[in-house]
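Q: In the working numbering, the protein residues as written are 1 to 240.
Calculated directly from the structure, the hints in this document are not laboratory data.
Don't be surprised by glycine CBs; every beta carbon is placed ideally from N, CA and C.
Treat the hints with caution; some may be incorrect.
DSBU-like mimics (lysine-lysine), calculated; alpha carbons at most 35 Å apart, straight line [stated by the list, open to error]:
id : residue 1 : residue 2
1  : 125       : 19
2  : 23        : 125
3  : 71        : 23
4  : 71        : 19
5  : 71        : 125
Quick list of simulated restraints, FRET-style, between CB atoms [said to hold, decoys possible]:
id : residue 1 : residue 2 : range
6  : 55        : 19        : 37 to 45 Å
7  : 60        : 203       : 50 to 58 Å
8  : 107       : 213       : 19 to 27 Å
9  : 94        : 70        : 19 to 27 Å
10 : 182       : 153       : 19 to 27 Å
11 : 23        : 57        : 34 to 42 Å
12 : 107       : 24        : 26 to 34 Å
13 : 91        : 21        : 16 to 24 Å
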Amino acid sequence: MPELVLVVGGGERPPDHLKEAAKEAHLLGVDGGARWILRWGLVPARILGDLDSLDERTRTYADGFGAPIEKTPDEVHRSDLARVVDVLVGENPPEVTFTGCVGTRLDHVMALFGGMGRLAVSGVKTRFVERWGTGSVVTPEHPLSLPDLAAERATFMPLTPEVTGLMLSGFDTGDDPPTTLAPPFDGLCGVPIVSDPAEVEVESGAVLVVVPRREGVHPPEPRSKTGVPSYRLGTLERTG
Numbered sequence: 001m002p003e004l005v006l007v008v009g010g011g012e013r014p015p016d017h018l019k020e021a022a023k024e025a026h027l028l029g030v031d032g033g034a035r036w037i038l039r040w041g042l043v044p045a046r047i048l049g050d051l052d053s054l055d056e057r058t059r060t061y062a063d064g065f066g067a068p069i070e071k072t073p074d075e076v077h078r079s080d081l082a083r084v085v086d087v088l089v090g091e092n093p094p095e096v097t098f099t100g101c102v103g104t105r106l107d108h109v110m111a112l113f114g115g116m117g118r119l120a121v122s123g124v125k126t127r128f129v130e131r132w133g134t135g136s137v138v139t140p141e142h143p144l145s146l147p148d149l150a151a152e153r154a155t156f157m158p159l160t161p162e163v164t165g166l167m168l169s170g171f172d173t174g175d176d177p178p179t180t181l182a183p184p185f186d187g188l189c190g191v192p193i194v195s196d197p198a199e200v201e202v203e204s205g206a207v208l209v210v211v212p213r214r215e216g217v218h219p220p221e222p223r224s225k226t227g228v229p230s231y232r233l234g235t236l237e238r239t240g
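Sequences are here, hints too, so could you generate the full structure?
A: Printed below as a string of structure tokens:
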């Protein structure tokens with residue numbers, strides 16, 4: 001198996017620049033996320049999920065190229081992504097990148113962050129890459145360097161009971177920078193990046209570092225469905 005596993009979900013279209021990395025990666029389509037891989041002109045190494053979002057056209061194309069399609073065990077109240085993470089934890093690849101996995105459903109976002117934490121504490125280098133930004137899990141084994149992001153802002157969310165020995169370089173953290181974080185509420189929000197490269201290290205634990213790439217850009221808004229109103233994230237403003 002290639003060193004990088006690229007997990008492609010069925011949410012927002014992945015960034016175009018990932019196509020080059022995808023050519024050298026083990027491509028894992030999560031249910032309907034397989035369609036993004038096929039649109040790159042590439043073939044999934046496998047497709048996993050409950051397969052309820054895998055449309056017939058995508059299934060036919062994948063079958064035609066010999067892509068294995070595996071139905072994960074049915075488990076009530078667990079997302080496809082959580083079950084895919086079960087598989088990856090067992091395989092323990094060196095590196096996993098998620099894309100197309102941050103959508104508009106909070107349960108999917110929580111499943112992604114929880115899954116990233118599970119992989120990271122087992123020693124896997126873990127991140128997500130979306131069109132609006134990126135997120136990386138920092139552990140003692142996997143520090144983070146963020147080049148070319150001065151004037152952006154970063155948010156830090158602990159994924160383990162405690163994060164100690166937090167060391168931030170290139171961030172404006174004020175006169176008393178934190179060295180310890182503990183969930184569920186002790187994160188850092190909107191910390192300015194003031195120099196390149198910005199760097200993050202920890203002595204213990206795991207912390208998710210999220211950087212939106214453009215000011216004011218957030219995960220995509222819900223799409224309206226016939227007869228079902230949808231709302232912008234974090235507001236009660238109707239979009240459909």
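Q: Run through the hints listed earlier and report the numbers of any the structure violates, in increasing order.
A: Violated: hints 6, 11.
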